[in-house]
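A.B. asks: One-letter residues, chain by chain:
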Amino acid sequence: MPRNKASKSKLKGLLQKKVKQLGQEESSFTRVQDDSYKLCDDEFYLNEPKAIQYASTYFSRYELLMPALKEASVRKWDGCKIVDEIVSLKPEKSEKVIIGTLFKEMKLKPSVVLDMVVLLGRESGPFIDESDSLLLEDISGRMKILASDIMDPSKFVTGTVIALKGKINTNGFFEVSDYTLPGVPPINSLRQEETKFSEEKTLFSDLENRKFMAFVSGMEFGNITQKIPTTMLSQFLSGNYGSKLERLLNSRVARILIAGNHIAEESDIDEVIKGSFRTHDINEKVYTNISGSIEQFECFVKAISQVCELDIIPGDNDIAGAFLPQQPPNVALFPQLLKNDNIVFSTNPHQFEINGKKFLGTSGQNIKDICRFRDMKEKTECDILCDTLQMRHIAPTCPDTLRSFPFISNDPLVIKECPNVYFSCNAEEFGTKLDKEESEYIRCVTVPSFSKTSEIVFLDLDSLEVYSYKIAVERDENHEVNMDY
Amino acid sequence: MPKINNFFKNKKKGTTPKKTKASASKATKQMTLTGSSSKTKRAPKKLFGEDSAQALIQFDGNQKYGPAVGIPRIVRWERAKNFNLSPPIDIFNILKDSSEDLQFSVFDV
Numbered sequence: 001m002p003r004n005k006a007s008k009s010k011l012k013g014l015l016q017k018k019v020k021q022l023g024q025e026e027s028s029f030t031r032v033q034d035d036s037y038k039l040c041d042d043e044f045y046l047n048e049p050k051a052i053q054y055a056s057t058y059f060s061r062y063e064l065l066m067p068a069l070k071e072a073s074v075r076k077w078d079g080c081k082i083v084d085e086i087v088s089l090k091p092e093k094s095e096k097v098i099i100g101t102l103f104k105e106m107k108l109k110p111s112v113v114l115d116m117v118v119l120l121g122r123e124s125g126p127f128i129d130e131s132d133s134l135l136l137e138d139i140s141g142r143m144k145i146l147a148s149d150i151m152d153p154s155k156f157v158t159g160t161v162i163a164l165k166g167k168i169n170t171n172g173f174f175e176v177s178d179y180t181l182p183g184v185p186p187i188n189s190l191r192q193e194e195t196k197f198s199e200e201k202t203l204f205s206d207l208e209n210r211k212f213m214a215f216v217s218g219m220e221f222g223n224i225t226q227k228i229p230t231t232m233l234s235q236f237l238s239g240n241y242g243s244k245l246e247r248l249l250n251s252r253v254a255r256i257l258i259a260g261n262h263i264a265e266e267s268d269i270d271e272v273i274k275g276s277f278r279t280h281d282i283n284e285k286v287y288t289n290i291s292g293s294i295e296q297f298e299c300f301v302k303a304i305s306q307v308c309e310l311d312i313i314p315g316d317n318d319i320a321g322a323f324l325p326q327q328p329p330n331v332a333l334f335p336q337l338l339k340n341d342n343i344v345f346s347t348n349p350h351q352f353e354i355n356g357k358k359f360l361g362t363s364g365q366n367i368k369d370i371c372r373f374r375d376m377k378e379k380t381e382c383d384i385l386c387d388t389l390q391m392r393h394i395a396p397t398c399p400d401t402l403r404s405f406p407f408i409s410n411d412p413l414v415i416k417e418c419p420n421v422y423f424s425c426n427a428e429e430f431g432t433k434l435d436k437e438e439s440e441y442i443r444c445v446t447v448p449s450f451s452k453t454s455e456i457v458f459l460d461l462d463s464l465e466v467y468s469y470k471i472a473v474e475r476d477e478n479h480e481v482n483m484d485y
Numbered sequence: 001m002p003k004i005n006n007f008f009k010n011k012k013k014g015t016t017p018k019k020t021k022a023s024a025s026k027a028t029k030q031m032t033l034t035g036s037s038s039k040t041k042r043a044p045k046k047l048f049g050e051d052s053a054q055a056l057i058q059f060d061g062n063q064k065y066g067p068a069v070g071i072p073r074i075v076r077w078e079r080a081k082n083f084n085l086s087p088p089i090d091i092f093n094i095l096k097d098s099s100e101d102l103q104f105s106v107f108d109v
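First to last, the protein sequences are chains W and D. According to full-length UniProt numbering, the first sequence is numbered sequentially starting from 1. According to full-length UniProt numbering, the second sequence is numbered sequentially starting from 1.
Chain W with its partners taken away, still in its complex shape (with noise of 0.2 Å):
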């Protein structure tokens, strides 16, 4: 080490040479800009006055569905009767159509009255059984229908408006010999910008070009597992950490959705709820821990709220609501981000539009309720996903199992036009379908939990690609990242 001054300062000078050299070329990347950007959640606000009962809910999302049904049952089956009542059916030869809402009588469905006498907290497996029973009710009546092949009650859930071809049997039970779900919903001609589906596109490739979004969700803040794996997707997602493509792939994304799960479940909030002896205490505790993952929720936010524009959905787990359509958390929950014009606080279901390209997705809420109350054997969330598409329906079990408001003259979680993307998070695993509809792609997503997979999502808003990238500590060899500094 040389020791006199002449030397020292030329050490220094060669280092800042050096220095110069390397920030030159890790030279910063300004993020894509895109004014594209239009909010259309207004179905998901409470415009209206709430009904009392939930039968003007159901009843609107009948007469909502049932002329696509009437449309797909005549594409698929020409020349078969469709019936106005369902009580008016006599057992006859010919088979004839009905359409009405599906209710499934299960056994172990959880009940108000069974948890008080056990007074446990909830069970979660599928609630499914041998002795499951499938009725169809339109407004005339309700007809039973025969377990079957076909009509298998365990694929099927409550509150999902069906067509069921066949007849009726001399016990009273309806045989059915096909069924027709509504179908997608229609997509608006109106587009503007058309979907560039190209070749397989890795996440890096031609970065220079794209625009991306990016999909969170799940991050559970309070957790103490959580508080690394946050910290680097906070560094991540601002472009402070990872190598020089993975800061040029965040300079890309023009827009970040944060869906539900924000805090975490507080493990003691049962006591809090039902109230015990300690009830100072833990309340206090409780309370102060609840306020402690707002509160970094909030500087996560707000640190990323600097660099990137924001949605925020709401989740199960979150302080914004039981019922869907859950309604935007109240802004004084988070004093910081009052006037901040990045950040988006909206419902869930959030629908959006950017890019020219429809969006419309929820926390994932509607399809966790589904694979509860439904054989989830072969099936991946992804599946459920489009078939929720396929009925037309962001929630069907809601009102029945999955709380909802009571609306009289609409039901806003009838998917009244095609999205682009459909996407749901919290998921345990990402999955991605790609569906073509009359010229238009259909992107169906699953965006995992960050909690558990450490996940994120990448969707290119071109082509609609969608990628899966890990953010952990430990990385593996499949993932593609460049390290050139």
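Calculated from the structure, these hints are not laboratory results.
Keeping only pairs whose Cα atoms sit at most 25 Å apart, straight-line, the calculated BS3-like set for lysine-lysine is:
no., chain 1, residue 1, chain 2, residue 2
1, D, K64, W, K70
2, W, K167, W, K93
3, W, K285, W, K227
4, W, K96, W, K155
5, W, K96, D, K64
6, W, K96, W, K81
7, D, K64, W, K167
8, W, K377, W, K452
9, D, K81, D, K64
10, W, K144, W, K70
11, W, K109, W, K155
12, W, K70, D, K81
13, W, K81, W, K165
14, W, K244, W, K211
15, W, K470, W, K452
16, D, K64, W, K416
17, W, K144, W, K107
18, W, K144, W, K76
19, W, K379, W, K109
20, W, K70, W, K165
21, W, K379, W, K155
22, W, K165, D, K64
23, D, K81, W, K416
24, W, K227, W, K470
25, W, K436, W, K416
26, W, K155, W, K76
27, W, K90, D, K64
28, D, K64, W, K144
29, D, K64, W, K81
30, W, K433, W, K358
Using C-beta positions, here's what the derived DEER-type ranges look like:
no., chain 1, residue 1, chain 2, residue 2, range
31, W, E417, D, V69, 30 to 36 Å
32, W, V32, D, D90, 58 to 64 Å
33, W, E130, D, Q63, 30 to 36 Å
34, D, Q63, W, T231, 58 to 64 Å
Since the model is a prediction, treat every value here as computed from it, not as a measurement. Idealized CB from N, CA, C, for every residue including glycine.
Based on the hints, put chain D in the right spot on chain W.
C.D. replies: Using the frame of chain W, we list chain D on its own:
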């Protein structure tokens, strides 16, 4: 349920039943419980005849237009119109100018 009683009332052929003041004030009391009308007593209806009241009751009972409980009649009429169920226009004409106490269905107590 004063309104239901009116529906099933026995009446002599040729004469119209009189709405006594006692039953009228009872009706308004019931309606303030549901929060639907002001505290003014209902004056005997001269403008709207018995036929209109019957027509409204028929509209309430018609299953085709969906549930009627807890919903103002005019909202139910508009909902039926939006779903292309062709509700009769006479009902709308009766409802649009009528007072508050005709807005709720027969089934609402």
